[in-house]
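J.: For reference, the chains in residue letters:
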Amino acid sequence: MLAKRIIPCLDIRDGRTVKGVNFENIRDAGDPVELGAFYASQGADELVFLDITATNEKRKTLSELVNRISHHINIPFTVGGGISSVEDVNILLQNGADKISVNTSAFKRPELIHELAREFGSQCVVLAIDTKLEEDGEWYIYLNGGRVKTNTKCRDWAKQAVDLGAGEILLTSMNHDGTKQGFAIDITGQLVKDLPVPIIASGGGGTMSHFEEVFEMAKADAALAASIFHFKEIGIPDLKKYLKEKGIEIRL
Amino acid sequence: MKLVIVKYNAGNIQSVLYALERIGLEALVTDDHALIKTADKVIFPGVGEASTAMQYLRERGLDHLIKKLEQPVLGICLGMQLMCTHSEENNTDCLGIFDEKVKRFQPSADHQMHLKVPQMGWNNIHSLKTDLFKEVAENSYCYFVHGYYASLGKHSIATTDYVLPYSSALHKNNFYGVQFHPEKSATVGEQILRNFIAL
Numbered sequence: 001m002l003a004k005r006i007i008p009c010l011d012i013r014d015g016r017t018v019k020g021v022n023f024e025n026i027r028d029a030g031d032p033v034e035l036g037a038f039y040a041s042q043g044a045d046e047l048v049f050l051d052i053t054a055t056n057e058k059r060k061t062l063s064e065l066v067n068r069i070s071h072h073i074n075i076p077f078t079v080g081g082g083i084s085s086v087e088d089v090n091i092l093l094q095n096g097a098d099k100i101s102v103n104t105s106a107f108k109r110p111e112l113i114h115e116l117a118r119e120f121g122s123q124c125v126v127l128a129i130d131t132k133l134e135e136d137g138e139w140y141i142y143l144n145g146g147r148v149k150t151n152t153k154c155r156d157w158a159k160q161a162v163d164l165g166a167g168e169i170l171l172t173s174m175n176h177d178g179t180k181q182g183f184a185i186d187i188t189g190q191l192v193k194d195l196p197v198p199i200i201a202s203g204g205g206g207t208m209s210h211f212e213e214v215f216e217m218a219k220a221d222a223a224l225a226a227s228i229f230h231f232k233e234i235g236i237p238d239l240k241k242y243l244k245e246k247g248i249e250i251r252l
Numbered sequence: 253m254k255l256v257i258v259k260y261n262a263g264n265i266q267s268v269l270y271a272l273e274r275i276g277l278e279a280l281v282t283d284d285h286a287l288i289k290t291a292d293k294v295i296f297p298g299v300g301e302a303s304t305a306m307q308y309l310r311e312r313g314l315d316h317l318i319k320k321l322e323q324p325v326l327g328i329c330l331g332m333q334l335m336c337t338h339s340e341e342n343n344t345d346c347l348g349i350f351d352e353k354v355k356r357f358q359p360s361a362d363h364q365m366h367l368k369v370p371q372m373g374w375n376n377i378h379s380l381k382t383d384l385f386k387e388v389a390e391n392s393y394c395y396f397v398h399g400y401y402a403s404l405g406k407h408s409i410a411t412t413d414y415v416l417p418y419s420s421a422l423h424k425n426n427f428y429g430v431q432f433h434p435e436k437s438a439t440v441g442e443q444i445l446r447n448f449i450a451l
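Listed in order, the protein sequences are those of chains W and P.
Going by my numbering, the residue at position 72 of the first sequence is 72; the numbering climbs one at a time, nothing skipped.
Plus 252 on top of the position in the second sequence (first one is 1) and you've got my numbering.
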């Protein structure tokens, strides 16, 4: 059976991991390649590298990093952050990225998704969504890393993006992100029902049972987390063993 | 050991090259007929669309060349599908090395609606045959990304279940094909690549 995926996310700035990561068993946790290889050896099913570099050198440092990652890591990985053109994506795929993710740039110019899917195939186009539940009971799209609110509803944009060719959705709930109180079961489950592409749940995973919930209740295809892995609050081998014992299809 | 990766208009060729590097092997990426013909082992990778890939191969005479190779050849993903007789992907006649046909996954409307197409992620391989899977455990997980599949048939040497049981690997004479991506399948994939090199 197709397994549910566990995906650590690494934030990158100027070629280095951003968050203070503390591992005694690797030499340089600030090196995304070494940290990524460590997670791969621990049983991560996929990796996401999110680049938040905001300098003119961005394109060059990122493509060099992606090239190093693809030399050293033996599982699939996605690269996101500031990607806004076919040319951006071409460079990253040429350097060995398996998938790329787009967020704000795709919302501002939805044809980008169509262009990328036509050029490279839907299987490598991930739409990242930051969404927030407002007081009116609706989930809205936020842009620019959650700083800019829009009046577009999450379900509407996700559906439009899939129609344009997005092959997967990385869904982050801003209400849940950083809380460690569990994933957003309702909106994740809603997108799983609405859409014919895999949904990666992100934001709120704090305990092993939260992962069980998002797979069992929301039927998410994958779950992504960052700091709980970086700070060793949950070990990937322990998490995967736990989920397997709960009867969830997991690659051990 | 002269190891050649067939260069054509398909993605992920670099990933295969890097995976070989990780297990200590150098390979040449080329579409040069003489170099391909004289290689000890040939890898025919690919992520892409069947009809444009076949057109590219035909324009360069690579279709006839690949069919006539006598050394071990490993097709990966689209490479494997192109080694079958026909693909439903844009109704494409393929190389016809394996007798199987390539069809699109059609989840049934009643109880398979949760199965998404393409299949993307880690799935088991079982009913393993031949030395390609030496020291690979039954039900090992490999990484798949595909919307089309080869049916089970006399050339099947591995089976995976998604929508229905299908061929996740094929073998005939010196030709091998795998639907999954050994270059992205962690240590299991590395073992399979090593096994191919040792054939």
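Incorrect hints may have been included.
[Said to hold, decoys possible] When the alpha-carbon atoms are kept at most 20 Å apart in a straight line, the in silico EDC-like pairs for lysine to aspartate or glutamate are as follows:
1. Lys320(P) to Asp284(P)
2. Lys193(W) to Asp362(P)
3. Lys259(P) to Glu134(W)
4. Lys219(W) to Asp362(P)
5. Lys319(P) to Glu278(P)
6. Lys232(W) to Glu216(W)
7. Lys244(W) to Asp315(P)
8. Lys232(W) to Glu249(W)
9. Lys132(W) to Glu111(W)
10. Lys424(P) to Asp283(P)
11. Lys132(W) to Glu87(W)
12. Lys244(W) to Asp284(P)
13. Lys219(W) to Glu233(W)
[Unchecked claim] On the chain W side, residues computed to face chain P include the following (Cβ under 8 Å):
14. Ala40
15. Gln42
16. Ala54
17. Thr55
18. Ile91
19. Ala117
20. Arg118
21. Pro198
22. Tyr242
Just so you know, these hints were derived from the structure itself, not from any lab.
Here a beta-carbon is modelled for each residue, glycine too, at the ideal position from N, C-alpha and C.
J.: Output the numbers, in ascending order, of every earlier hint that fails for this structure.
T.: Numbers 3, 5, 6, 7, 8, 9, 10, 11, 12, 13, 15, 16, 17, 18, 19, 20 and 22, in rising order.
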